[in-house]
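Engineer: Sequence:
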Amino acid sequence: MDEIMDSNKYRIRLRKVTIGIIGLLFAFLLVGVYKFTKIRMQTYDNLTEALQNTMNVSVLNLENNQLRILPKEIGQLVNLEVLVLENNELTTLPQEIGQLRNLEVLYLHNNQLRTLPQEIGQLQNLRTLYLTGYLSNRNKLSSQEEREIQELLPKCAIK
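The opening position of the sequence shown corresponds to residue 22 in the working numbering, with each subsequent residue numbered one higher.
It cannot be assumed that every hint is accurate.
[Said to hold, decoys possible] Beta-carbon label-pair distances, calculated as ranges:
(1) Gln165 to Val99: 29 to 35 Å
(2) Glu169 to Asn77: 31 to 37 Å
(3) Gln87 to Lys176: 19 to 25 Å
By construction, these hints were calculated from the structure, which means they are not laboratory data.
A quick note: this is a predicted structure, and the numbers were derived from the prediction, not measured.
Every residue gets a Cβ at the ideal spot worked out from N, C-alpha and C, and that includes glycine.
All chains should be built: construct the whole structure from the sequences, respecting the hints.
Structural biologist: Okay, here's the thing in structure tokens:
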């Protein structure tokens, strides 16, 4: 945490926070009032609820949470630049992922994804897409799959 002062007279600036199970409720009450730029969730109870009122977040790290579903509310994070979803159990991504116009880096490796939504092609600012081990049945993209993704995201490096 960057600066915290104990009085309402002073502005609180939080640039980065790591949230564990105990501080989750308190931390997300703050999110609607103050500006977090980085959030890392180590454990979650209700991700849909947690994503509400978090428009100012630029980095969201949800790695190692055993996520199976990413809520459509992810599309509300219009200022998101980095989204870390690695090492989960995601089988699909919501179409709303395409609303993340400022997203530059997306980590999807080590999930159970079968396909990527067409809306991924709307991520025109995406520069790096990490996909190693993203498929449920194999570790690597076929050259055809990589070509299709590259056509959707011509400015993006696929790793």
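Engineer: If a hint holds in the structure, say so; if it does not, say that too.
Structural biologist: Hints versus structure:
no.	hint	verdict
1	Gln165 to Val99: 29 to 35 Å	holds, 33 Å
2	Glu169 to Asn77: 31 to 37 Å	holds, 34 Å
3	Gln87 to Lys176: 19 to 25 Å	violated, 32 Å
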